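Student: Sequence:
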Amino acid sequence: MRRNRQPQQYDFRQKANLVTFLAQPLTATSAQNIYPHPFTALPFGRPTTNHFQSNLVLIIINPTSGSQKSVKIWTSVVEPILKASTASYEVIFTTHAGHAGELGEKLELDSVDVVSSVSGDGLVHKILNGLGRRESDFGTAMENLPLTSIPCGSGNTLSTNHLGPKHAKNVQLATLNILKGTPNRLDLCSSTQLSDGVQEGQKEPDSIRKLSLLSTSYGIMAEHEGIRLDVQLVEKDKNEIEQNF
1 MRRNRQPQQY DFRQKANLVT FLAQPLTATS AQNIYPHPFT ALPFGRPTTN
51 HFQSNLVLII INPTSGSQKS VKIWTSVVEP ILKASTASYE VIFTTHAGHA
101 GELGEKLELD SVDVVSSVSG DGLVHKILNG LGRRESDFGT AMENLPLTSI
151 PCGSGNTLST NHLGPKHAKN VQLATLNILK GTPNRLDLCS STQLSDGVQE
201 GQKEPDSIRK LSLLSTSYGI MAEHEGIRLD VQLVEKDKNE IEQNF
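Note that UniProt numbering gives residue 183 to position 183 of the sequence shown, counting from 1, and the numbers run on in steps of one.
These are calculated hints, taken from the structure and not from any lab test. Treat the hints with caution; some may be incorrect.
[Said to hold, decoys possible] Just the calculated beta-carbon pair ranges, DEER-fashion:
no. : residue 1 : residue 2 : range
1   : Thr-64    : Gly-139   : 30 to 38 Å
2   : Asp-110   : Arg-209   : 21 to 29 Å
3   : Gln-232   : Asp-110   : 38 to 46 Å
Keep in mind the model is a prediction, meaning the values are calculated, not measured. Ideal placement from N, C-alpha and C gives every residue a C-beta, glycine not left out.
Let the sequences and hints guide you as you build the complete structure.
Tutor: Here is the structure:
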């Protein structure tokens with residue numbers, strides 16, 4: 001028997017503001033000789049003052065994903081920088097399929113100041129959709145919880161958005177940005193798959209909603225709507241971006 005394809009509802013409006021990249025500024029020191037890319041415009045040469053209340057960074061790592069180099073990057077580069085800073089951190093290694101999404105869904109927002117994966121974009125996507133399943137405080141999570149990544153995947157699109165193409169795979173810089181950066185907002189794309197007979201706008205318990213960001217969002221729009229997307233970089237300096245957009 002041939003099954004009918006379920007209709008899909010796409011919402012390309014701004015669904016929520018995801019506060020991406022980075023934690024509020026923290027004082028941090030490191031022996032690494034890291035210099036900021038103009039796009040990040042971060043104060044590496046001086047201590048900062050606007051501290052988090054708990055200064056807690058949650059690191060999520062999938063030790064078996066992709067090239068399986070995330071653990072090595074964590075132990076050799078990321079953790080030493082965090083140890084040299086004033087921030088507290090907790091690291092969780094995923095143990096089963098769907099674990100990252102469960103962490104995002106059940107995370108106590110008051111206990112964490114920033115969530116970062118040591119991964120490519122895949123683990124970020126799973127954490128994001130876990131946060132998207134929160135029923136009571138979805139808006140609070142999207143508004144107040146910074147989400148970022150330490151790049152060790154093949155694409156690293158989120159890291160490219162943060163650091164610029166030249167430094168998209170710079171693990172040291174990405175780690176320091178967690179400690180000394182400022183929050184930026186990023187639009188999300190929300191798509192909901194509906195069952196047969198369900199009209200747009202109706203609620204259905206079994207509807208499947210997925211959140212996506214960056215290149216996935218643009219790809220869905222181009223594929224579904226048949227439109228051409230041209231992107232022009234108009235600002236390279238993060239301070240100018242915050243002032244003008």
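Student: Next, verify each hint and record whether it holds.
Tutor: Against the structure, the hints come out as follows:
The supplied range of 30 to 38 Å is met by Thr-64 and Gly-139, whose beta-carbon atoms lie about 33 Å from each other. Between Asp-110 and Arg-209 the CB atoms are about 25 Å apart, so this pair conforms to the stated range of 21 to 29 Å. At roughly 40 Å, the beta-carbon separation of Gln-232 and Asp-110 lies within the given 38 to 46 Å, and the hint holds.
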